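Participant: Chains as they are written, first to last, in the working numbering: chain A, 1 to 341; chain B, 1 to 341; chain C, 1 to 619; chain D, 1 to 619.
By construction, these hints were calculated from the structure, which means they are not laboratory data.
None of the values given here were measured: they were computed from a predicted structure.
There may be inaccurate statements among the hints.
Straight-line alpha carbon distances no greater than 16 Å define the calculated EDC-like cross-link-like pairs of lysine to aspartate or glutamate that follow [unchecked claim]:
hint : chain 1 : residue 1 : chain 2 : residue 2
1    : B       : Lys330    : C       : Asp425
2    : C       : Lys585    : D       : Glu586
3    : D       : Lys8      : D       : Asp181
4    : B       : Lys136    : D       : Glu55
5    : B       : Lys223    : B       : Asp243
6    : D       : Lys585    : C       : Asp590
7    : A       : Lys39     : A       : Glu195
8    : D       : Lys148    : D       : Glu113
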Amino acid sequence: MSTETALPEKPKATDYASDQEVRWCPGCGDYAILAQMKKTLASMAIPRENVVFISGIGCSSRFPYYMNTYGMHSIHGRAPAVATGLKVMRPELSVFVITGDGDGLSIGGNHLIHAIRRNLDINIILFNNRIYGLTKGQYSPTSPLAKVTKSSPMGSIDNPLNILSVAIGCEASFVARSVDVNTKHLGMCLERATEHHGTSFIEVYQNCVVFNDGAYDYATDRKIRSDALLELEHGKPLVFGKDRDKGIRLSGIDPEVVTLGDGASESDLLVHDEAAAEPSLAYFLTRMHYPAFPEPIGIFRCVDRPQYDEMLNDQISQAVEKQGPGSLDKLFHSGETWTVQ
Amino acid sequence: MSTETALPEKPKATDYASDQEVRWCPGCGDYAILAQMKKTLASMAIPRENVVFISGIGCSSRFPYYMNTYGMHSIHGRAPAVATGLKVMRPELSVFVITGDGDGLSIGGNHLIHAIRRNLDINIILFNNRIYGLTKGQYSPTSPLAKVTKSSPMGSIDNPLNILSVAIGCEASFVARSVDVNTKHLGMCLERATEHHGTSFIEVYQNCVVFNDGAYDYATDRKIRSDALLELEHGKPLVFGKDRDKGIRLSGIDPEVVTLGDGASESDLLVHDEAAAEPSLAYFLTRMHYPAFPEPIGIFRCVDRPQYDEMLNDQISQAVEKQGPGSLDKLFHSGETWTVQ
Amino acid sequence: MAPAEQRKPVVDLDAATVRFCGDSGDGMQLAGTQLTNTSALAGNDVATFPDYPAEIRAPRGTKAGVSGFQIRFAADKIFTPGDQVNALVTMNAAALATNLQDLEPHGILIVNEDGFGKRDLELAGYEHSPLEDGSLDSYQLYRVDMTKMTRAAVKELGLSTKEADRCRNFFAMGLVFWLYDRSLDPTERFIIEKFGRRPAIAEANQKALRAGYNFGITTEAIVRRFAVRPAELPPGTYRNITGNMALAWGLIAAAKTSDCHLFYGTYPITPASDILHELSRRKNFDVRTFQAEDEIAAMASVVGAAFGGAMAVTGTSGPGVSLKSEAMGLAVMTELPMLVINVQRAGPSTGLPTKTEQADLLQALYGRHGECPLPILAARSPADCFEVAMEAWRIATRYMTPVMILSDAYVANGSEPWRIPEMGDLPRIPVNHPGPPTDGEPFLPYARDEHLSRPWALPGTPGLMHRLGGLEGQKQTGAVSYDPANHEYMIRLRARKVAGIANDIPLQELEGPESGSVVVLSWGGTYGAVATAVRQLWEDGASVAHAHLRYLSPLPANLEQILQRFDRVVVAELNAGQLRGVLRKEFLVDAVGLNKITGRPFTVAELVEAIQQELDKKS
Amino acid sequence: MAPAEQRKPVVDLDAATVRFCGDSGDGMQLAGTQLTNTSALAGNDVATFPDYPAEIRAPRGTKAGVSGFQIRFAADKIFTPGDQVNALVTMNAAALATNLQDLEPHGILIVNEDGFGKRDLELAGYEHSPLEDGSLDSYQLYRVDMTKMTRAAVKELGLSTKEADRCRNFFAMGLVFWLYDRSLDPTERFIIEKFGRRPAIAEANQKALRAGYNFGITTEAIVRRFAVRPAELPPGTYRNITGNMALAWGLIAAAKTSDCHLFYGTYPITPASDILHELSRRKNFDVRTFQAEDEIAAMASVVGAAFGGAMAVTGTSGPGVSLKSEAMGLAVMTELPMLVINVQRAGPSTGLPTKTEQADLLQALYGRHGECPLPILAARSPADCFEVAMEAWRIATRYMTPVMILSDAYVANGSEPWRIPEMGDLPRIPVNHPGPPTDGEPFLPYARDEHLSRPWALPGTPGLMHRLGGLEGQKQTGAVSYDPANHEYMIRLRARKVAGIANDIPLQELEGPESGSVVVLSWGGTYGAVATAVRQLWEDGASVAHAHLRYLSPLPANLEQILQRFDRVVVAELNAGQLRGVLRKEFLVDAVGLNKITGRPFTVAELVEAIQQELDKKS
Ligand SMILES: Cc1ncc(C[n+]2csc(CCOP(=O)(O)OP(=O)(O)O)c2C)c(N)n1
Ligand SMILES: Cc1ncc(C[n+]2csc(CCOP(=O)(O)OP(=O)(O)O)c2C)c(N)n1
Ligand code: SF4
Ligand code: SF4
Ligand SMILES: [Mg+2]
Ligand SMILES: [Mg+2]
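When you get a sec, could you build the whole thing from the sequences and use the hints?
Facilitator: Structure below.
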């Protein structure tokens, strides 16, 4: 497809589809995320040639092959580092990192946190299926304790990483969470992430039908999801529940669930502020887990912080301003020299 | 020295000194930490042969050579992983990891957070001098923005990692901070860490006299340190200041500094609870930075969480109980077999 | 049970090669495994070759989703699953398209008709159905509507059609079992074991199995069946075993015979992960597994466990070895015993992750910075992995050194009968740890014994406190030393120690004439193919011998003499000539390379032809 | 300024070798650098060898803390800093203890008396003072109380004694400058530049310098001084340059001449860090440096930057290369141009991190899993690093491949005069990026040109969207392919592409006879020592030639013929025989190894002796 160079006026999702046949298991949550990504880019009409998808290794990491953009299916865990080299040299490109819970949090955890703390202007989308899919079902850093898998027949003893808490701990400037099948919400998150300047980090709950099917039933099942999830809205109180009759209030310094009406009114509830300078609230929200709490989805945090790529390139321009464009002949002759006739 | 096998009744610090000449720069903060470590082990009378120091690479990582215990000066950044293999196989040993801000947070960041989240029963002591010492002065992940170093002549553009926030983000069960020259306080932290079951993480402010001298003047200078530091005490309100006239209060969900007397009394202040189940308070404390806030030192958090090494070995015993000690002859003959006469 | 009356003639065969192929979801691996076990139980020698896609489950009906399992069962000793297939069972069009080329001329071709619908044909890239256009006329084509018959067979059990269709592979098995006169008992036992908890499913599979078998009896289409006599295997009790399973069990056995606690620190990677899966199930054998955050941590954890006195092992594949190389350097410097397993796959980089290759030998030898030697062993076949694991640990402990074990995807996933040893008969592996000093002399962690290896002193031992590390150490004391002469001494010593192992391993064996025109060298998983090829050439009286190397570093002491006794040295390997290069360097011998780098094993035929060419050059 | 009246006789020399040694804190590196620049400015050829401890600052007075700087300046072209020292300046007892063995018999020995106190002697391991016990009688021993005289010289400036004592190295310089009739001007200019902001310090250093010089004039003890005529260097403007500096500048020059933006992604490590330090100071040259979290990230960032069209370079030392190996495999698969610099140090593992060695050659060749070839170049001397950097980038871009550059601690930290090129005279390095497609044909990212290299299409180019990765790719399209034949084709193609470079590099040069009894092969930083040794042997009419390799992969096309023209091939290298092994493998030549693995460079003497032995064997 990479032949027709021009993008139509109103691009369609299909304009962003590569000619490669998609090879995930039927029913895999990755399909929904792929579909949303194409829709989002189309709706934002971003020229295909200015988009680059960098991934590591894993089922999720096959993503770039299916996009008619530039892309690299790199090696396990290193996508954020690959993206760093690309972005600092080509700041005008929109660079996406596609990773999984194993790729991004196990082998790639260090690159992830360093990319986030540097606030490089890239979008990192972590497909969290709480399992190693491509290697056929070992537990991952997000698998719950006691999870029985091929490599933990008596149950996992690794306390899972709460990735959003870690991201907030690294002062991430944009943190969001969404669910593979919640297409509208996911689309919104992808669009916001793409617009954000700085590292945008999105955790997407993704169902692995083969090795961890149903891990997110609570978040997708019509019957319970409205009690199990809390949709964050900037400036709105933290209300949730089928009948929007429950909310989150601060008790001491910890959040608690209250039912509106009996003794608690909306005015008592915490109000979401994605732009708060201090990430305290965002941190709280990452600590809320079903069933004790509803799990927040949406934009946890979105603030402006200096971006690594921008600062690096600014130093270049400043240096040129101050010292003038470097002349190698001058440099070579700087310091002590002597001439032999 | 490793010849006299028996430790005296009341061991002295010198009993823990190896015969190797200490080779840090004169005036290096590492000397003070080494001295405290020997004192602490002596005061706890821990048999030398049951102590193992594992380090990575860096000035700080030369530490094991100077202790008359078992030790390994491993490779850059990998000490927590080396310690993991040792500890799960030899849970009865007290295992210490000695690392630096580069060794532990740059190349070794991933191993550090995974050790912490697994809550392996080891003690990790990070010598934070906010610089790469051994390689002669490049900025590290804890160097402040705009820091001018050999590798950042126009100032560092890497937003520093707040390691304690990250540790809390990984649900560290023991988190503490101390200062190299604050010997009594450091000794207390080392002792508490050694007693704690689970991963104990201590950040020690350490002065590099050669490449980052004075980085912690605010924390060591008699004149200002009592206003610049806040000494955490379990169950006590967060009071600080030369005249103990200032304190920390919660405003909304963020901490603020108040002066006792004018409109604020001790009863309004946050009370430290190192044992709180939820790490919210501990997280706040990690967010407080001088000069806006006093920087807390002491035990941020100390809670009980299942330990990786214990759980692993429990599974072994359970398996033996349930299935009986494995017989290879039985295993070999399990499933379909046939005999050829 | 085999039905009483046998209406159709039975043809006796020395061997038969059958391949099941279909969609990843069609259960072909299971079908193959059942036929394998059944044939093994029937006393045949067997060899298998499972072959599946990198995708977990590529979309149904696509070529990318085709999964196959080939098995050869024979009345004599065999070493390979066979080149050409006698009977090919294909569940859909894509499977036919991707596997037909391996079916022998006029071979038996059983197709599941209903896998050839319009969509199936498209996905397989067929313009019109090969079942109709006569393109298959040269084969014995049997069209069977497995779907319909399976559904019918399980009708009264009231399963969903989806569930019913899942029984199709048992129908296919049943038919093949009839065709080769195999007993249904083992499979029926398996069904009860596996599906016992879901009686309906169990019964359905059983019904499908019998339906397939009975279809064979009743169908007019198929007029003969075949039988393969039991093979003459050495007496003993046998089981079928895969390479990864044999390796895992070999590790447990080595731990037992050396009285060590087994630690396996690893990070999942195809095709090594099954070793982790097997070991993690053996906790009651005192086996501790650690799934690390990455391969570097896995390697480092193994160094730590070895320091603590464990039998410390890590396993991975090429990409993981690349990541481990720095920590392996530490392992060499600390001179602690440990094992590093590389189940090789096709590279470079991610390469073809599910395919086999032998291209990591030079990395094993030279893939670390500095002069950093370690012993290397390679397993020749699935069952051989057991012995190699034990031998590697013997060397590691006696010489206080990390040892590398090379396996590959073909050995790891393939299976063969394994003569089960008695644990009591296995050699002990002696391991000593010094106790507290009695003489008051300072402890010397780098003192040397007759094998040049240093004492394995364990933390917890009073009076032996010492520090290890990656910096160069003073000989004897191990204290950090910048003394130039000491550095050269230690570099040479570490090399001499590894080289010395050559005196402690068996002399290289030679199959065939002691001397002659051609000697074929091979290592690792190519043993079977080369051995078979050489035997075929012997039948035409060719003057060719075969030396298969288990020890790649150091090389056996007599290898050079062997090579000198032949006019021509041919090195067969699944890479661009890595062992060949080593032999040229070591012995200045102008060895000829016989190489293949397709991600697939050698076929016997291509080896026979290539070796013949070398023989002809000679005459 | 040199004082008017010269009372003492001046002896003319062809060359002189001086070494300053003292405590890390004594400023010996600075003293050496000043003498170097001064001698270079005086028209001598110079070669230097700084040698400092791994510790930043080991405790004062300890052997571990001794830092030395050796410089040879000559009236002819020289290639090494010399084996034996003519004049040794020692600031304390530890320095004497660790350096005396390198002083020539009856050589000049200048000691700072006050560095021989009780504690100093203990730390240096002396029972009683060597200044007293006559053990130094065979040398021209000059005892100078530098401390006292320096303090006196700077008295009226009212510095603290600590500050005053810091000027001692300038006193030592002054004395040596007098001894070798060197001008003080360059050093005085340096003092003003460096300490201008602290006038008191500047003046103190200047006073100390002159005090030392004047001490030489006035002391009765020293009766003669020496002079070394300017050397006959090719005309041009020269500067003194270290290897790391030349490498950094070569990279910037390569970026300029290829119109690329330079990206340097790295993680600090001795002895490579200075490249980062230098490049990070050159932001106005459009140079972007990225200090990554580790070497893996550094390598990966370079792959990303190369994808984006940058001149992407990473630099490290052995341990870092081990960590980069997996990502280097990705670099090979994506066929993007980039440079990987290995400034080798003594291994294995952490080894002797500040010492030199050449033991990473085999890792450069084979240190990645799978068949993963890439070109390798090595720099022969500090100034040569400049050319090597440019040549490596020419190859990387023309052949779309990562290229490895091997340097070492000796080359990196050593310095020599460099004839400054005119940027205008440097060859352009042509780089092309395809534009948007015009023909509507699908873009083929793995199409091949006459060099077998693929197009470097950049993100941002309409119509050329494509995906790269570590999985095997279909030829031409680059789409993921499991086709066995394609895998072998691509493996062979990547190998052929690299091998083809042999036709695009200069033929191997030979110094000395075209044929004869012995040819000595060397590579990398040993050039100077070998070249000098061979020249000495020529003087006795020995039939020996010297071939120094810059290209280690692929090897020059004519190398085999060269080797065949000599009776004996000797390979001199600072490892256990790595290049030797490669030559044996490639050419089946029974090369002899001349090896040293002490962390120190070859001395000319030991080479002369060893080569002579080979020559003798012959006759
Ligand atoms: C260096 C290296 N180690 C291990 C692997 C094997 N491997 C491939 S993907 C993967 C984990 C995949 O899990 P995740 O990142 O969650 O992706 P998913 O498949 O679940 O989408 C592993 C361990 C590899 N390809 N490379
Ligand atoms: C694989 C590897 N990369 C790089 C280095 C070089 N190196 C040694 S220590 C160090 C950083 C030291 O900083 P830190 O951990 O803060 O320790 P400090 O010296 O400050 O105590 C580096 C980059 C190395 N030894 N190994
Ligand atoms: S294995 Fe799981 S994650 Fe991978 S493609 Fe299949 S369903 Fe998706
Ligand atoms: S360089 Fe800094 S950290 Fe290292 S020993 Fe010296 S003072 Fe301490
Ligand atoms: Mg996953
Ligand atoms: Mg530091």
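Participant: So, for every hint listed, does it hold in this structure?
Facilitator: Hint check results:
1. Lys330(B) to Asp425(C): Roughly 15 Å between the alpha carbons, so the hint for Lys330(B) and Asp425(C) holds.
2. Lys585(C) to Glu586(D): holds, 8 Å
3. Lys8(D) to Asp181(D): holds, 11 Å
4. Lys136(B) to Glu55(D): holds, 10 Å
5. Lys223(B) to Asp243(B): Cα-Cα ~12 Å, so holds.
6. Lys585(D) to Asp590(C): OK: Lys585(D) and Asp590(C) at ~9 Å, within 16 Å.
7. Lys39(A) to Glu195(A): holds, 15 Å
8. Lys148(D) to Glu113(D): holds, 10 Å
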